[in-house]
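Number of protein chains: 2
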Amino acid sequence: MKRKVTLKQIAKELDVSISTVSKSLRDSPEISEDTRQKVQAFAKLYNYKPNNIALSLKNKKTKTICIIIPEIIHHFFATVISGVEHVANENGYNVLVCLSDESFDKEVINMEMLAGGSIDGFIMSLSKETQQKRDFHHITEVINQGMPVVMFDRVTNDILCDKVIIDDNLAAYNATRFFINKGYKKIALITTVDYVSVGKLRTDGYTKAMMDHDLKVDPNLILKIEDTDNFDAQIETLLRDQKPEAIFAVNEIFAVTAIKIAGKLGLQIPTDISIIGFTDGIISKYSTPSISTVSQNGVKMGEKAAKMLIERLENEEMEIEEHYKTEVIETELVERESTH
Amino acid sequence: MKRKVTLKQIAKELDVSISTVSKSLRDSPEISEDTRQKVQAFAKLYNYKPNNIALSLKNKKTKTICIIIPEIIHHFFATVISGVEHVANENGYNVLVCLSDESFDKEVINMEMLAGGSIDGFIMSLSKETQQKRDFHHITEVINQGMPVVMFDRVTNDILCDKVIIDDNLAAYNATRFFINKGYKKIALITTVDYVSVGKLRTDGYTKAMMDHDLKVDPNLILKIEDTDNFDAQIETLLRDQKPEAIFAVNEIFAVTAIKIAGKLGLQIPTDISIIGFTDGIISKYSTPSISTVSQNGVKMGEKAAKMLIERLENEEMEIEEHYKTEVIETELVERESTH
DNA sequence: ATACTATCCGAAAACGTTTTCGTGTTGAAA
DNA sequence: TTTCAACACGAAAACGTTTTCGGATAGTAT
Numbered sequence: 001m002k003r004k005v006t007l008k009q010i011a012k013e014l015d016v017s018i019s020t021v022s023k024s025l026r027d028s029p030e031i032s033e034d035t036r037q038k039v040q041a042f043a044k045l046y047n048y049k050p051n052n053i054a055l056s057l058k059n060k061k062t063k064t065i066c067i068i069i070p071e072i073i074h075h076f077f078a079t080v081i082s083g084v085e086h087v088a089n090e091n092g093y094n095v096l097v098c099l100s101d102e103s104f105d106k107e108v109i110n111m112e113m114l115a116g117g118s119i120d121g122f123i124m125s126l127s128k129e130t131q132q133k134r135d136f137h138h139i140t141e142v143i144n145q146g147m148p149v150v151m152f153d154r155v156t157n158d159i160l161c162d163k164v165i166i167d168d169n170l171a172a173y174n175a176t177r178f179f180i181n182k183g184y185k186k187i188a189l190i191t192t193v194d195y196v197s198v199g200k201l202r203t204d205g206y207t208k209a210m211m212d213h214d215l216k217v218d219p220n221l222i223l224k225i226e227d228t229d230n231f232d233a234q235i236e237t238l239l240r241d242q243k244p245e246a247i248f249a250v251n252e253i254f255a256v257t258a259i260k261i262a263g264k265l266g267l268q269i270p271t272d273i274s275i276i277g278f279t280d281g282i283i284s285k286y287s288t289p290s291i292s293t294v295s296q297n298g299v300k301m302g303e304k305a306a307k308m309l310i311e312r313l314e315n316e317e318m319e320i321e322e323h324y325k326t327e328v329i330e331t332e333l334v335e336r337e338s339t340h
Numbered sequence: 001m002k003r004k005v006t007l008k009q010i011a012k013e014l015d016v017s018i019s020t021v022s023k024s025l026r027d028s029p030e031i032s033e034d035t036r037q038k039v040q041a042f043a044k045l046y047n048y049k050p051n052n053i054a055l056s057l058k059n060k061k062t063k064t065i066c067i068i069i070p071e072i073i074h075h076f077f078a079t080v081i082s083g084v085e086h087v088a089n090e091n092g093y094n095v096l097v098c099l100s101d102e103s104f105d106k107e108v109i110n111m112e113m114l115a116g117g118s119i120d121g122f123i124m125s126l127s128k129e130t131q132q133k134r135d136f137h138h139i140t141e142v143i144n145q146g147m148p149v150v151m152f153d154r155v156t157n158d159i160l161c162d163k164v165i166i167d168d169n170l171a172a173y174n175a176t177r178f179f180i181n182k183g184y185k186k187i188a189l190i191t192t193v194d195y196v197s198v199g200k201l202r203t204d205g206y207t208k209a210m211m212d213h214d215l216k217v218d219p220n221l222i223l224k225i226e227d228t229d230n231f232d233a234q235i236e237t238l239l240r241d242q243k244p245e246a247i248f249a250v251n252e253i254f255a256v257t258a259i260k261i262a263g264k265l266g267l268q269i270p271t272d273i274s275i276i277g278f279t280d281g282i283i284s285k286y287s288t289p290s291i292s293t294v295s296q297n298g299v300k301m302g303e304k305a306a307k308m309l310i311e312r313l314e315n316e317e318m319e320i321e322e323h324y325k326t327e328v329i330e331t332e333l334v335e336r337e338s339t340h
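From first to last, the protein sequence lines stand for chains A and B. For the record, in the first sequence the residue sitting at position 28 is 28 according to UniProt numbering, with numbers rising by one throughout. For the record, in the second sequence the residue sitting at position 315 is 315 according to UniProt numbering, with numbers rising by one throughout.
No lab work stands behind these hints, which were simulated from the structure alone. Remember, it's a predicted structure, so these values are computed and weren't measured experimentally. Accuracy of the hints is not assured; some may be wrong.
Identical copies carry no separate label here, and so any pair may be met within one copy or between two of them.
[Said to hold, decoys possible] List time: in silico DSBU-like cross-link candidates among lysine-lysine, alpha-carbon distance up to 30 Å: (1) Lys243 - Lys325; (2) Lys8 - Lys325; (3) Lys285 - Lys106; (4) Lys208 - Lys61; (5) Lys264 - Lys243; (6) Lys300 - Lys186; (7) Lys186 - Lys216; (8) Lys185 - Lys49; (9) Lys106 - Lys4; (10) Lys260 - Lys8; (11) Lys133 - Lys4; (12) Lys49 - Lys133; (13) Lys60 - Lys23; (14) Lys216 - Lys182; (15) Lys49 - Lys60; (16) Lys133 - Lys44; (17) Lys285 - Lys264; (18) Lys4 - Lys58; (19) Lys44 - Lys260; (20) Lys200 - Lys12; (21) Lys60 - Lys44; (22) Lys224 - Lys200; (23) Lys325 - Lys38; (24) Lys325 - Lys260; (25) Lys49 - Lys106.
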């Protein structure tokens with residue numbers, strides 16, 4: 001087992017200075033053909049690789065970006081990581097993944113830890129708890145230190161920085177209007193509590209679509225789910241008591257659960273009831289029946305976020321501090337078997 | 001925007017030496033109560049945080065581990081990351097995620113890049129291409145440099161290192177026997193090509209179970225899928241021509257696709273045909289009907305792998321080089337609606 | 001012989017820490 | 001008054017690089 005070899009060791013072996021070794025390896029014209037060959041051969045033999053940490057320290061750049069997400073097991077977030085990773089790799093960056101587990105504290109700890117020079121910038125989506133507390137001091141602090149941050153999906157207006165989002169409001173509006181155009185009047189909404197930013201926006205879009213088409217917004221048709229672990233009973237009650245003609249669910253899990261329960265109640269899909277979900281995940285695609293859904297291209301979001309971050313990193317000081325952009329990724333209603 | 005403050009700057013402001021500042025912040029008894037307070041107050045005011053890179057260089061430890069996986073959008077791998085992340089965080093480590101995209105080259109590039117001091121150790125699952133080529137030089141090289149590697153799930157006997165696996169063979173054996181005990185004779189297998197190690201092992205388990213119970217292994221009932229993007233037609237042919245009573249699929253996607261096609265052919269599940277999948281993912285759970293499956297606890301695998309790696313890192317040289325362990329994570333047959 | 005230029009190489013600083021060792025000051029003991 | 005210990009702090013090395021600058025040698029032109 002040969003330990004890692006350094007410039008110093010090579011220099012000593014070959015009886016030249018460290019500078020000479022370094023220059024030889026970088027093909028500097030200062031060095032004679034002779035020594036250059038000698039050094040390079042030796043380096044190759046001992047499999048020399050420059051120490052990235054030393055380089056980072058010298059260059060004040062780590063070539064590493066960090067993505068902080070609430071949960072990795074959500075397919076959407078996994079696709080975002082995938083997009084980030086590809087763009088990052090293409091540009092010579094590595095990706096550090098941190099999970100907040102929807103916890104404010106973990107988010108803070110992660111950021112403070114990494115802000116200590118370990119990485120060049122952040123890409124993040126807020127945890128539920130952070131959105132609820134509306135405490136963003138850890139993020140402003142990082143930004144004030146001159147470290148760029150790009151937020152995606154779950155963002156906040158309280159922070160000035162680059163952002164990548166979809167137009168949640170419009171997407172929900174369009175999905176709702178799709179039902180309205182089919183002639184449905186009793187359109188139910190299964191959504192999250194309001195402090196989850198995207199849930200709120202989607203709820204607003206639904207409400208606006210109903211009002212714009214002179215349909216009354218019936219609170220009995222709107223189910224706001226708090227506990228994401230145990231909500232089957234609530235959905236069942238909604239379906240049985242209200243008998244909606246259509247359901248718009250703000251995520252995949254709600255949608256697929258609604259389908260299961262509809263089946264249990266003996267309802268035919270989409271004959272008796274139509275369903276549209278949100279987030280084009282793997283469940284919607286493979287569900288039986290497959291679920292029509294507002295597709296939210298996670299890969300594209302990740303790619304865009306990474307591009308924005310890297311651009312800011314490479315152009316550094318030259319940019320004026322402000323000039324923050326918010327990119328909106330297009331959504332699309334993917335029609336499958338749960339609607340007609 | 002205040003840039004990051006360093007020991008040197010604090011020292012200059014307070015007109016003391018760098019050493020004094022460093023010692024004050026670490027509560028060294030060498031420093032008088034007076035200056036200690038002064039320095040600490042100043043440091044707090046300017047929000048001083050030690051530079052992790054400098055520390056890494058000094059300590060020759062980065063407190064970062066890297067996990068290399070073929071694809072992040074596979075739910076199983078996402079759960080593994082989740083497990084790794086938790087254990088790593090508990091022990092003060094960060095997690096770098098690299099995707100090989102099932103490509104040998106990307107795997108090599110990632111490893112060589114990171115081996116240059118950026119991280120302390122690897123956790124990895126081999127890409128398909130690497131398994132096919134059986135070229136592991138990049139891994140041996142890293143190990144020879146003294147950097148610990150823990151392999152999980154897709155492993156190889158050609159490399160000596162710590163490993164975390166499930167008993168794929170036994171799990172497949174048990175699943176097949178489950179069918180046999182129900183009295184089925186025509187049990188089909190939907191699997192991958194043989195160079196994917198886990199696919200091979202599961203195929204072997206199926207074969208052994210059949211033979212042990214005096215059932216003939218009919219090649220017509222075994223479908224080996226190469227192209228994972230386009231296999232619906234093959235499954236349909238299998239179902240229609242062979243009319244199996246039960247199907248064992250080596251992953252979720254194969255299982256759920258079989259279910260869809262069975263439905264299309266008018267077969268009732270599990271009355272006309274029973275199905276068992278592999279990998280306890282989100283699809284199996286939410287599919288209609290939900291799919292019985294061999295559960296492969298990704299979180300547990302990730303946690304175990306991280307623990308093994310960190311243990312090796314902390315105990316370092318003191319350990320003898322060999323003494324590599326292979327941990328087997330238990331699997332379990334989760335019965336759902338696709339069997340009875 | 002002198003001056004100048006190329007050519008080749010080494011010393012040292014810098015990045016931000018921690019830590020060892022040395023040193024100056026003070027007070028008390030001899 | 002001398003000696004010694006305790007105390008408080010600073011200098012410098014070390015981690016592994018890159019890069020600037022200066023210096024030595026040799027060769028060429030005057």
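Against the structure, the hints:
| no. | hint | verdict |
| --- | --- | --- |
| 1 | Lys243 - Lys325 | neither (44 Å within a copy, 58 Å between copies) |
| 2 | Lys8 - Lys325 | neither (46 Å within a copy, 36 Å between copies) |
| 3 | Lys285 - Lys106 | between (33 Å within a copy, 29 Å between copies) |
| 4 | Lys208 - Lys61 | neither (47 Å within a copy, 55 Å between copies) |
| 5 | Lys264 - Lys243 | both (14 Å within a copy, 28 Å between copies) |
| 6 | Lys300 - Lys186 | neither (34 Å within a copy, 45 Å between copies) |
| 7 | Lys186 - Lys216 | within (9 Å within a copy, 57 Å between copies) |
| 8 | Lys185 - Lys49 | neither (67 Å within a copy, 58 Å between copies) |
| 9 | Lys106 - Lys4 | between (35 Å within a copy, 23 Å between copies) |
| 10 | Lys260 - Lys8 | neither (67 Å within a copy, 64 Å between copies) |
| 11 | Lys133 - Lys4 | between (48 Å within a copy, 27 Å between copies) |
| 12 | Lys49 - Lys133 | between (46 Å within a copy, 25 Å between copies) |
| 13 | Lys60 - Lys23 | both (21 Å within a copy, 24 Å between copies) |
| 14 | Lys216 - Lys182 | within (17 Å within a copy, 55 Å between copies) |
| 15 | Lys49 - Lys60 | both (19 Å within a copy, 15 Å between copies) |
| 16 | Lys133 - Lys44 | between (55 Å within a copy, 25 Å between copies) |
| 17 | Lys285 - Lys264 | both (21 Å within a copy, 16 Å between copies) |
| 18 | Lys4 - Lys58 | both (19 Å within a copy, 15 Å between copies) |
| 19 | Lys44 - Lys260 | neither (61 Å within a copy, 55 Å between copies) |
| 20 | Lys200 - Lys12 | neither (65 Å within a copy, 51 Å between copies) |
| 21 | Lys60 - Lys44 | both (27 Å within a copy, 23 Å between copies) |
| 22 | Lys224 - Lys200 | within (10 Å within a copy, 47 Å between copies) |
| 23 | Lys325 - Lys38 | neither (51 Å within a copy, 42 Å between copies) |
| 24 | Lys325 - Lys260 | neither (41 Å within a copy, 44 Å between copies) |
| 25 | Lys49 - Lys106 | between (35 Å within a copy, 18 Å between copies) |
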